[in-house]
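Number of protein chains: 2
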Amino acid sequence: MAKREGQLKLGAFIYPAGHHIAAWRHPDAQADAGINFKHYVALAQAAEAAKFDLIFFADGVGTRGDNVEVLSRTAHSYVAQFEPLTLLSALSAVTDHIGLVGTASTSFNEPYHIARKFASLDHLSNGRAGWNLVTSASEFEARNFNRDSHFEHQERYERASEFAEVVTGLWDSFEDDAFPRDKESGRFFEPEKRHVLHHKGRFFQVQGPLNVARSPQGHPVIVQAGSSEAGKELAAKAGEVVFTAQQTLDEAKDFYADVKGRLAKYGRDRDDLKIMPGVFPVIGRTEAEAQAKFEELQALIHPTVGLSLISGATGGLDLSLYPLDGPIPDLPETNSSKSRQQLFIDLARRENLSIRQLYLRVAGARGHWQLVGTPEQIADQLEERFVEYGADGYNIMPPVFPTGLQDFIEGVIPELRRRGLFRSDYEGRTLRENLGLRRPANRHVQSAKAAE
Amino acid sequence: MAKREGQLKLGAFIYPAGHHIAAWRHPDAQADAGINFKHYVALAQAAEAAKFDLIFFADGVGTRGDNVEVLSRTAHSYVAQFEPLTLLSALSAVTDHIGLVGTASTSFNEPYHIARKFASLDHLSNGRAGWNLVTSASEFEARNFNRDSHFEHQERYERASEFAEVVTGLWDSFEDDAFPRDKESGRFFEPEKRHVLHHKGRFFQVQGPLNVARSPQGHPVIVQAGSSEAGKELAAKAGEVVFTAQQTLDEAKDFYADVKGRLAKYGRDRDDLKIMPGVFPVIGRTEAEAQAKFEELQALIHPTVGLSLISGATGGLDLSLYPLDGPIPDLPETNSSKSRQQLFIDLARRENLSIRQLYLRVAGARGHWQLVGTPEQIADQLEERFVEYGADGYNIMPPVFPTGLQDFIEGVIPELRRRGLFRSDYEGRTLRENLGLRRPANRHVQSAKAAE
Numbered sequence: 049m050a051k052r053e054g055q056l057k058l059g060a061f062i063y064p065a066g067h068h069i070a071a072w073r074h075p076d077a078q079a080d081a082g083i084n085f086k087h088y089v090a091l092a093q094a095a096e097a098a099k100f101d102l103i104f105f106a107d108g109v110g111t112r113g114d115n116v117e118v119l120s121r122t123a124h125s126y127v128a129q130f131e132p133l134t135l136l137s138a139l140s141a142v143t144d145h146i147g148l149v150g151t152a153s154t155s156f157n158e159p160y161h162i163a164r165k166f167a168s169l170d171h172l173s174n175g176r177a178g179w180n181l182v183t184s185a186s187e188f189e190a191r192n193f194n195r196d197s198h199f200e201h202q203e204r205y206e207r208a209s210e211f212a213e214v215v216t217g218l219w220d221s222f223e224d225d226a227f228p229r230d231k232e233s234g235r236f237f238e239p240e241k242r243h244v245l246h247h248k249g250r251f252f253q254v255q256g257p258l259n260v261a262r263s264p265q266g267h268p269v270i271v272q273a274g275s276s277e278a279g280k281e282l283a284a285k286a287g288e289v290v291f292t293a294q295q296t297l298d299e300a301k302d303f304y305a306d307v308k309g310r311l312a313k314y315g316r317d318r319d320d321l322k323i324m325p326g327v328f329p330v331i332g333r334t335e336a337e338a339q340a341k342f343e344e345l346q347a348l349i350h351p352t353v354g355l356s357l358i359s360g361a362t363g364g365l366d367l368s369l370y371p372l373d374g375p376i377p378d379l380p381e382t383n384s385s386k387s388r389q390q391l392f393i394d395l396a397r398r399e400n401l402s403i404r405q406l407y408l409r410v411a412g413a414r415g416h417w418q419l420v421g422t423p424e425q426i427a428d429q430l431e432e433r434f435v436e437y438g439a440d441g442y443n444i445m446p447p448v449f450p451t452g453l454q455d456f457i458e459g460v461i462p463e464l465r466r467r468g469l470f471r472s473d474y475e476g477r478t479l480r481e482n483l484g485l486r487r488p489a490n491r492h493v494q495s496a497k498a499a500e
Numbered sequence: 049m050a051k052r053e054g055q056l057k058l059g060a061f062i063y064p065a066g067h068h069i070a071a072w073r074h075p076d077a078q079a080d081a082g083i084n085f086k087h088y089v090a091l092a093q094a095a096e097a098a099k100f101d102l103i104f105f106a107d108g109v110g111t112r113g114d115n116v117e118v119l120s121r122t123a124h125s126y127v128a129q130f131e132p133l134t135l136l137s138a139l140s141a142v143t144d145h146i147g148l149v150g151t152a153s154t155s156f157n158e159p160y161h162i163a164r165k166f167a168s169l170d171h172l173s174n175g176r177a178g179w180n181l182v183t184s185a186s187e188f189e190a191r192n193f194n195r196d197s198h199f200e201h202q203e204r205y206e207r208a209s210e211f212a213e214v215v216t217g218l219w220d221s222f223e224d225d226a227f228p229r230d231k232e233s234g235r236f237f238e239p240e241k242r243h244v245l246h247h248k249g250r251f252f253q254v255q256g257p258l259n260v261a262r263s264p265q266g267h268p269v270i271v272q273a274g275s276s277e278a279g280k281e282l283a284a285k286a287g288e289v290v291f292t293a294q295q296t297l298d299e300a301k302d303f304y305a306d307v308k309g310r311l312a313k314y315g316r317d318r319d320d321l322k323i324m325p326g327v328f329p330v331i332g333r334t335e336a337e338a339q340a341k342f343e344e345l346q347a348l349i350h351p352t353v354g355l356s357l358i359s360g361a362t363g364g365l366d367l368s369l370y371p372l373d374g375p376i377p378d379l380p381e382t383n384s385s386k387s388r389q390q391l392f393i394d395l396a397r398r399e400n401l402s403i404r405q406l407y408l409r410v411a412g413a414r415g416h417w418q419l420v421g422t423p424e425q426i427a428d429q430l431e432e433r434f435v436e437y438g439a440d441g442y443n444i445m446p447p448v449f450p451t452g453l454q455d456f457i458e459g460v461i462p463e464l465r466r467r468g469l470f471r472s473d474y475e476g477r478t479l480r481e482n483l484g485l486r487r488p489a490n491r492h493v494q495s496a497k498a499a500e
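One line per chain: the protein sequences are A and B, in this order.
Counted the way my numbering counts, the first sequence spans residues 49 to 500.
Counted the way my numbering counts, the second sequence spans residues 49 to 500.
Be careful, since some hints might not be right.
Since copy identity is lost for identical chains, a pair holds within one copy or between any two.
Computed list of lysine-lysine pairs in BS3-like fashion (alpha-carbon distance at most 25 Å, straight line) [to be verified]: (1) Lys-231 x Lys-341; (2) Lys-280 x Lys-86; (3) Lys-231 x Lys-51; (4) Lys-241 x Lys-280; (5) Lys-231 x Lys-86; (6) Lys-248 x Lys-308; (7) Lys-301 x Lys-280; (8) Lys-231 x Lys-285; (9) Lys-301 x Lys-241; (10) Lys-99 x Lys-248; (11) Lys-341 x Lys-301; (12) Lys-313 x Lys-241; (13) Lys-301 x Lys-231; (14) Lys-241 x Lys-231.
Simulated from the structure, these hints should not be mistaken for lab results.
Chain A on its own, in the form it takes in the complex:
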């Protein structure tokens, strides 16, 4: 395969004080970040000045977890922060170019609301909206929505798939040129360019039409994050950006080839979907400085929070009763299959880790691709995975805001530019144009043409 041409795409994944679980305790951090609008304005404008494709917000419709001793020591787990759609709408008024991607669950929402809000955001921002389509697997969210438990895996994805069909159908309610708004004749829209959906499915019955004009991007960009079999299939069917997490180059290449290979059966091209894994970069002028920065963050993890990260793998044993710097005690057998946490415990035994060392190991990785090093070292890694077809770009998850984002902007981005791997200015006007995604034709216009 020839050396890959082109440039990679970048998202700035914003989480209030930072992505490290103890970020809010760091001296650089804004502890009240979750409800500090000025903080987000500064981050969004910095990311825009650096020509990031998009800013990205995760979401939870409820606090994740109910151990209040743990929760009260963390700004993570959606304890108390802005709701992303309102936040992104406000940010649309103080930015001009950067994409605005927010998460909304298909499990505890109605497709009409979601179609409408993202279409509205797309109009407000002149074509910069993106919807991160997720399913909710947390009982803590379910309990806020008239349920005792979340939908099981298969049902969740079937619901998500139908949800996406309804949303994209609603986005095509009006053709792009449906609105002459001709004051003279009194014709506001052309009746034949308005389409009623009449959706009746297993999960949803939605008549339509959407009461928002077709938006600048036609459809806001759909982001998707599932890595399960059902998740990859949904990405191939409906996703345009995939946010994912693979630790190694080989895993990344496999995932990339797998998902891209599923597109054809939905009539889609390989370029119709961009794979943008998360990257957690800790950047120093030297490798030692980067490592020291990382350890400074790790030292801020409160033991209660640290122990909670491995509590799922202890078979009910309360590790807080044992010395933190002592060995891991014998644990009861559990019936559950090997979780990621249990794999960590196996590792800990092999490496003879203390309890504290174990939770620090888990806290550090947290499933993301963690890069600790100099800008050149990090650029090497990003370049390799890009040119080897393991990624089309990355969602950058700085450990602490604002300094972690600044480090990336001042160190890594110039290095990527020197290598010709990242833009110096926006190519397009909309998020879709910058990502190199085609603007979808209205399905009703396509059918009319096919029938000619």
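Mind docking chain B on chain A? Use the hints.
Positioned in the frame of chain A, the structure of chain B alone reads:
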């Protein structure tokens, strides 16, 4: 009763091109207002410069009606416009003082989402959010949410009442001082200042807590608009601003006394709720100029739209088959009780109106209090209803934007100020402070004090 002291409150009720049904066809109108963010920025900033308490957006979760010949000639009926929560969030970033009130239906929403989005908007705007709590009585909305018809009246209001209880309960999830965010000790919030709702009611089961910190106003201001018996009871229980419509001073005084009289049984004071009827002002330097302005708008009503306004009262007869400027033909009897439209038909017969004259009469009033005259005449009317305890303020519904709002700001507001009836600067920092509404204590803090 002594002459009433104090000043009246003003809301700018914004509807895309204007409140007159043909507004979008007017030369002054922005025909694409519904998706033109700059248009709304200009209106919000003008209202703020004039010291309006709030801007107000109605909403429909679906287009009202399905007669496409009629819909295609109007920008009304929620055909195609921004969703209000996203729009208000964006406007929060370009305004500093004015209240931001948006409508959200209790019929086709979940209380957790609504509590969260308005709390988020309250944080984004530093205490300027208001929720206009409505029930949805349109089958066209119901059909977008898995239903064939809307909830019947009684059920709708019972659901709305429980919905409001859940929302306000969620807004008290955290006490105001729950977040020390102490980097040193690692304590982000005080566990005992977080309260789990555990709501289990007839319509909703919501565990909580809300994952947003208690907002600057404690609770965003709740606006309510029902004028039915159930609506007035809900206003007295949960409303803080009532948007209403009465044609005459006597009706207004009766409504005012009625609703204010219901507050005591909910342990509320008369000042805990502000009655702010809608006013549709057409303003000229002379009365003749004002009347000419009104007639210019009326002439823009397309006959198809005009006839649709009275179609409910014709017993199925298609009036478009008769000459517009001829008399009203004999109409078949209908079984339904006398609607407002039918009362208009009786009136038309007494006054010998043509079909066109009839629909113009209906279009003009549309249920709102219409004032056509000079700034002084309009100020006289507003003053009278205020000092006679028929209103605490008004929601101004200009016929056409932006000029109808400008006319009010340049003509009526200076006149109100000369009479000492309206502020020259904001008294407070939050919407609640400007409206003279108390900041609600957190219910958990109250209980703790009561228990002392």
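Each hint tested on the structure:
When the C-alpha separation of Lys-231 and Lys-341 is checked against a cutoff of 25 Å, the pair qualifies only between copies, where the shortest distance is 17 Å, while the shortest distance within a copy is 63 Å. For the identical chains of this complex, Lys-280 and Lys-86 are neighbours neither inside a copy (37 Å) nor across copies (40 Å), given an alpha-carbon limit of 25 Å. Neither within a single protomer nor between protomers do Lys-231 and Lys-51 lie at most 25 Å apart by alpha-carbon distance, with minima of 56 Å and 48 Å respectively. In the homo-oligomer, the alpha carbons of Lys-241 and Lys-280 never lie at most 25 Å apart, since the shortest distance is 34 Å inside one protomer and 42 Å across protomers.
In this assembly of identical chains, the alpha carbons of Lys-231 and Lys-86 lie at most 25 Å apart only when taken from different copies (20 Å versus 42 Å within one copy). When the C-alpha separation of Lys-248 and Lys-308 is checked against a cutoff of 25 Å, the pair qualifies neither within a copy, at 30 Å, nor between copies, at 46 Å. Taking identical chains as interchangeable, the C-alpha atoms of Lys-301 and Lys-280 lie at most 25 Å apart only when both belong to the same chain, with a minimum of 14 Å there against 63 Å between chains. When the C-alpha separation of Lys-231 and Lys-285 is checked against a cutoff of 25 Å, the pair qualifies neither within a copy, at 42 Å, nor between copies, at 45 Å.
When the C-alpha separation of Lys-301 and Lys-241 is checked against a cutoff of 25 Å, the pair qualifies neither within a copy, at 43 Å, nor between copies, at 48 Å. In this assembly of identical chains, the alpha carbons of Lys-99 and Lys-248 never lie at most 25 Å apart, being 42 Å within a copy and 48 Å across copies at closest. Proximity of Lys-341 to Lys-301 under the C-alpha cut-off of 25 Å is found in neither arrangement, the shortest distances being 30 Å within a copy and 68 Å between copies. For the homomeric pair Lys-313 and Lys-241, neither the shortest alpha-carbon distance inside one copy (30 Å) nor that between copies (53 Å) is at most 25 Å.
Taking the shortest Cα distances, Lys-301 and Lys-231 never come within 25 Å of each other, neither inside one copy (56 Å) nor across copies (40 Å). Only within a single protomer do Lys-241 and Lys-231 lie at most 25 Å apart by alpha-carbon distance; the minimum there is 18 Å, versus 57 Å between protomers.
In this structure, the hints that do not hold are numbers 2, 3, 4, 6, 8, 9, 10, 11, 12 and 13, in rising order.
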